[in-house]
Structure formats: C-alpha cells, structure tokens
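Q: Line order of the protein sequences matches chains A and B. Using my numbering, the letters of the first sequence correspond one by one to residues 34 to 228. Using my numbering, the letters of the second sequence correspond one by one to residues 6 to 207.
Mixed in with the good hints, there may be bad ones.
[Said to hold, decoys possible] In silico lysine-lysine, DSSO-like type, Cα no more than 30 Å apart, as pairs:
| # | chain 1 | residue 1 | chain 2 | residue 2 |
| --- | --- | --- | --- | --- |
| 1 | A | Lys196 | B | Lys192 |
| 2 | A | Lys168 | B | Lys123 |
| 3 | B | Lys123 | A | Lys196 |
| 4 | B | Lys46 | A | Lys121 |
| 5 | B | Lys123 | A | Lys38 |
| 6 | B | Lys195 | A | Lys196 |
| 7 | A | Lys121 | B | Lys95 |
| 8 | B | Lys78 | A | Lys144 |
| 9 | A | Lys171 | B | Lys123 |
| 10 | B | Lys142 | A | Lys196 |
| 11 | A | Lys102 | B | Lys46 |
| 12 | A | Lys121 | B | Lys130 |
| 13 | A | Lys87 | B | Lys95 |
| 14 | A | Lys121 | B | Lys164 |
| 15 | B | Lys123 | A | Lys102 |
| 16 | B | Lys95 | B | Lys130 |
| 17 | A | Lys187 | B | Lys95 |
| 18 | A | Lys171 | B | Lys195 |
[As the list claims (entries may be wrong)] With beta-carbon atoms standing in for the labels, derived distance ranges:
| # | chain 1 | residue 1 | chain 2 | residue 2 | range |
| --- | --- | --- | --- | --- | --- |
| 19 | A | Pro197 | B | Lys192 | 17 to 25 Å |
| 20 | B | Asp79 | A | Ser107 | 49 to 57 Å |
| 21 | B | Asp67 | A | Asp136 | 17 to 25 Å |
| 22 | B | Glu171 | A | Cys158 | 34 to 42 Å |
| 23 | B | Gly136 | A | Lys72 | 53 to 61 Å |
| 24 | A | Asp100 | B | Tyr14 | 49 to 57 Å |
[Claimed, not checked] Covered stretches of chain B, as calculated for chain A (at least 3 residues, CB under 8 Å):
| # | stretch |
| --- | --- |
| 25 | 22 to 34 |
| 26 | 88 to 95 |
No wet-lab data here; the hints were simulated from the structure. Glycine included, each C-beta is placed from N, C-alpha and C at the ideal position.
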Amino acid sequence: MVERKQEIFEEIVTRFVELKNTSELMIDLAYSSLMLNSKELAEEVERLEEYMDKLHTDFELLALTSDFKKEEASGFLGLIRLGVATEKIADAAAEMAEVVLRDIEPHPVLKLAIREAEETVTQACVTDNSPLINKTLKEARVHEETGMWVLAIKRGEKSLRPKPDLRIQLGDILIASGYAEGVDDFKKLASPEHL
Amino acid sequence: MPKFEKIEYKPIPVHDLLLEMKNLSELMIDLAYSAALFNDKELAEDVIELEGRIDTLAYLLDMEIMIAARDAKDAETLIGVSTVASAADKISDAAADIAAIVTRDIGIHPIVGEIFEKVEERLMKVTVKEGSVIVGKQIDELDLAARMGVDIIAIRRNKDWILDPEETERVFLGDILITRGAPMGIKEFKDIAEGRLTKLED
Chain A
34 MVERKQEIFE
44 EIVTRFVELK
54 NTSELMIDLA
64 YSSLMLNSKE
74 LAEEVERLEE
84 YMDKLHTDFE
94 LLALTSDFKK
104 EEASGFLGLI
114 RLGVATEKIA
124 DAAAEMAEVV
134 LRDIEPHPVL
144 KLAIREAEET
154 VTQACVTDNS
164 PLINKTLKEA
174 RVHEETGMWV
184 LAIKRGEKSL
194 RPKPDLRIQL
204 GDILIASGYA
214 EGVDDFKKLA
224 SPEHL
Chain B
6 MPKFEKIEYK
16 PIPVHDLLLE
26 MKNLSELMID
36 LAYSAALFND
46 KELAEDVIEL
56 EGRIDTLAYL
66 LDMEIMIAAR
76 DAKDAETLIG
86 VSTVASAADK
96 ISDAAADIAA
106 IVTRDIGIHP
116 IVGEIFEKVE
126 ERLMKVTVKE
136 GSVIVGKQID
146 ELDLAARMGV
156 DIIAIRRNKD
166 WILDPEETER
176 VFLGDILITR
186 GAPMGIKEFK
196 DIAEGRLTKL
206 ED
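With the hints as constraints, model all of the structure from the sequences given.
A: Structure, rendered in structure tokens:
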C-alpha cells in the first residue's frame, strides 16, 4: 500500500514537473517571439497552450482519483492549486504571443534589449548521422559551433526547455535563434545529409 | 488588510519598468515553487511582498503609456507594451497564488517535495554570516558554477533586490542570497556562506 502511494506520487510529480517546465518554456518563447517579432515562435506558444490544457486536465484527474485519505485532502488541494497556477502562467505567455500574431507593430521597448533583434529564428530536425545524437546540450556546443542559441526542443507533442544536461535524440526538432549567417551551419549540424 | 502603497507618478523609462516587471515576475515564479514545495513561509512572504512591487510597477507603466500616446498610431504600438506588462503582472499573480498555498496553511503533501527534489534543481535562501570566506568577494571570484554547480540568481540586500547579479557584484555580510543548484551543491554553499565551512575547494 505504502509502495503504491509512492508510485502515485511519483506519477503526479512527473506530470507536475512537465506542467511547470512547459509553462516556463512558454514564457521564454513568448518573450523571444516578441524580441524577434517571430510568428513561428508565437505559434509554438499557442500550440503549447493547447497542449497545457490537456496536460492540466490529466494532472487534475490523476490527483483526484489517487484515493487519498481525509487528512491528506489539504496536501492534495495544494497540489491542485499548483497546477492551476501553471495554467495561469501558460495563459499569460499565450497572451504575450498573441501580440505578435495580431500584427501589432513591434514597439522598440519590447525588444527588452537582451539581444539584438536582427536575429532570426530557425528550426532543424535531428536526423541520422547528426553528431548531436545522444549528446547533452552542454556537450553539443551548438552555440560555439554555429552561433545559434537553442530556444526549445520539440519531441513529439512535447516541447522541452534547453537545460544543459538534456540529451538530444534522433528526431528531435531544435528551435534556435541567431544571426542569419549561422542558419546553414546549424541545419548542417542537425541534418548533415539534407543540405 | 494589506497596506497599499500610494501611487505617485515618477518619470521612469517604460523600458526599465517593463524589464523589471519581466525579471521580477520570473524570479517570483522560482521563489514561489520553492516556497510551496519545501513549505518555506518566509520565502512565501517574500513572494507576496514582491507581488505588491509588481503592482506598483504596473501602475507606473500604465501612466507612462498614457502620457506617451498622442495619436492613433502611438496607441497601436503601445497596446502591445501594455498587453505584455499585463501578462507579466498575471505571471506574478500566479506566483503569489502559489505562495498563498503556504501562507494560508494549505500546504502540499510532503512526499511531493521529496520526489521533486530528486528530479529538479532546487532553490535555497542563504544568509551570509560573519566569518564566511565569501564576504567581500566578487561573484566571479567564487566560481560557484564550476566548483559546486550553484548559481546566485538574486541578492536581497536590506530592502532591495538585486536580480540576476553581475559577475562583478560583491557579496556583503548580511546579504540574503537566492541560490539555485543541485541539493548537494547548495548545501555545501550554505555551509560556506554561514561560515561553517571555511575553504572553497576546487
């Protein structure tokens, strides 16, 4: 029984971590879409918003059906509220992305002066023979090699935050930004045989 | 009843206001999750206090936008700025909601924190105490990332917050450092900052 409980909690935490990371990735991508005035990134944020809705429902259902005891109800309510907060964060990110999708003239203030806005956004699929397969982002040194920064990694329905210890897999789609000169090198690195 | 700050117009550039709202709201999310998962009341109260700061910034930014809009074209470009500011405000509200799980004694099942700690990095609040070897040192001299995989993401000095501190920022006695890293690393760093460990090892 105790073991089963632990299993259920592990599953709930896994789902929560995905909610949390997806909502945070959405904020990053939303700000990037504003800075770079990129519809591509804004659309990815909108897509993730829908995906979040699904994740969030699954998370709530799991929490509600984990047959907790009466005295544990408060701890489960706390969990559910955490989920609601991630959803709210995701909504806020989607609202930012909408500014780009509605063709609102990009005000210079929105560049937020983090990086120059002369950068472009590109994506590339990791194909056979790519030296990136099975490397962590830290080992892959994408920025050193190509000048492009990885903003997100799309893996099936999911999108992952580019954490240094995240391992790149065959079939991943890397979304990156940087100066136009780096785009070809970046694509060649991810899909060596398609250029 | 919370105490509300009186809003008075101050000429601060829109850019500065927006950037501070962005940075603060992001810090608040990190702080709020840590407060909730590790049931840290003090940290939760910090988050709620920062929420008030964001509200003030939002008012100031709205006023700047009203002054800046002279015609329809201005209004068209400024609406994007106000939408983004309001989204940052919503993010900070969500962070405050998370913090409220702790301050209202709802709490989160303790097993959740334990499991979470295994899969994700955590945040810790560390107060720099007398006798610590890091007092007076610049952040880059400490080389925390390489030594123990720890990052200082914010410094609380008296009532002020220094977000994402520069490498050349110095650490003072009494600073409260918000650090992020693997549990082992930040535990070691806490011992160093509080003066229990007196050697920075490589």
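Q: None of the hints should be skipped; say for each whether it holds.
A: Structure-based check of all given hints:
1. Among the hinted pairs, A/Lys196 with B/Lys192 is consistent with the structure: their alpha-carbon atoms are about 22 Å apart, no more than 30 Å.
2. At roughly 22 Å between alpha-carbon atoms, A/Lys168 and B/Lys123 fall within 30 Å of each other, so this suggested pair holds.
3. About 16 Å separates the Cα atoms of B/Lys123 and A/Lys196, which keeps this hinted pair within 30 Å; it holds.
4. A threshold of 30 Å between alpha carbons decides the hint, and for B/Lys46 with A/Lys121 the separation of about 22 Å falls inside it, so the pair holds.
5. Restraint check: the Cα-Cα separation between B/Lys123 and A/Lys38 comes to about 17 Å, which is no more than 30 Å; the hinted pair holds.
6. Proximity of B/Lys195 to A/Lys196 is assessed by CA-CA distance (about 24 Å); at most 30 Å being required, the pair is judged to hold.
7. With a CA separation close to 7 Å, the supplied pair A/Lys121 and B/Lys95 stays within the 30 Å bound.
8. Of the supplied pair hints, the one linking B/Lys78 and A/Lys144 holds, its CA atoms being roughly 19 Å apart against a limit of 30 Å.
9. For the hint pairing A/Lys171 with B/Lys123, the CA-to-CA distance comes to about 21 Å; that is within 30 Å, so the pair holds.
10. With a CA separation close to 28 Å, the supplied pair B/Lys142 and A/Lys196 stays within the 30 Å bound.
11. For the hint pairing A/Lys102 with B/Lys46, the CA-to-CA distance comes to about 25 Å; that is within 30 Å, so the pair holds.
12. Taking the CA atoms of A/Lys121 and B/Lys130, the gap is near 26 Å; set against the 30 Å cutoff, the hint holds.
13. A C-alpha spacing of about 21 Å is found between A/Lys87 and B/Lys95, which places the hinted pair at or below 30 Å, so the restraint holds.
14. The straight-line distance between the Cα atoms of A/Lys121 and B/Lys164 is roughly 29 Å, inside the 30 Å bound, and the hint therefore holds.
15. Restraint check for B/Lys123 and A/Lys102: the C-alpha separation of about 25 Å stays at or below 30 Å, so the hint holds.
16. A hinted pair counts as satisfied when its Cα atoms are at most 30 Å apart, and B/Lys95 with B/Lys130 qualifies at roughly 25 Å.
17. A threshold of 30 Å between alpha carbons decides the hint, and for A/Lys187 with B/Lys95 the separation of about 26 Å falls inside it, so the pair holds.
18. Our distance criterion of 30 Å between C-alpha atoms is met by A/Lys171 and B/Lys195, whose separation comes to about 26 Å.
19. Checked against the given bound of 17 to 25 Å, the beta carbons of A/Pro197 and B/Lys192, roughly 21 Å apart, stay inside it.
20. Between B/Asp79 and A/Ser107 the beta carbon distance is about 50 Å. The supplied range of 49 to 57 Å therefore holds.
21. The beta-carbon spacing between B/Asp67 and A/Asp136, approximately 23 Å, falls within the hinted interval of 17 to 25 Å.
22. Between B/Glu171 and A/Cys158, the C-beta spacing of about 38 Å keeps the proposed range 34 to 42 Å intact.
23. For B/Gly136 and A/Lys72, the Cβ-Cβ distance of about 55 Å falls inside the hinted range of 53 to 61 Å, so the restraint holds.
24. For A/Asp100 and B/Tyr14, the Cβ-Cβ distance of about 56 Å falls inside the hinted range of 49 to 57 Å, so the restraint holds.
25. With 5 residues having a Cβ less than 8 Å from any Cβ of chain A, the stretch 22 to 34 of chain B passes the three-residue criterion, so the hint holds.
26. Judged by the Cβ-Cβ criterion of 8 Å, the stretch 88 to 95 of chain B is covered by chain A as claimed, because 6 of its residues qualify and three suffice.
Checked against the numbered hints above, the structure violates none of them.
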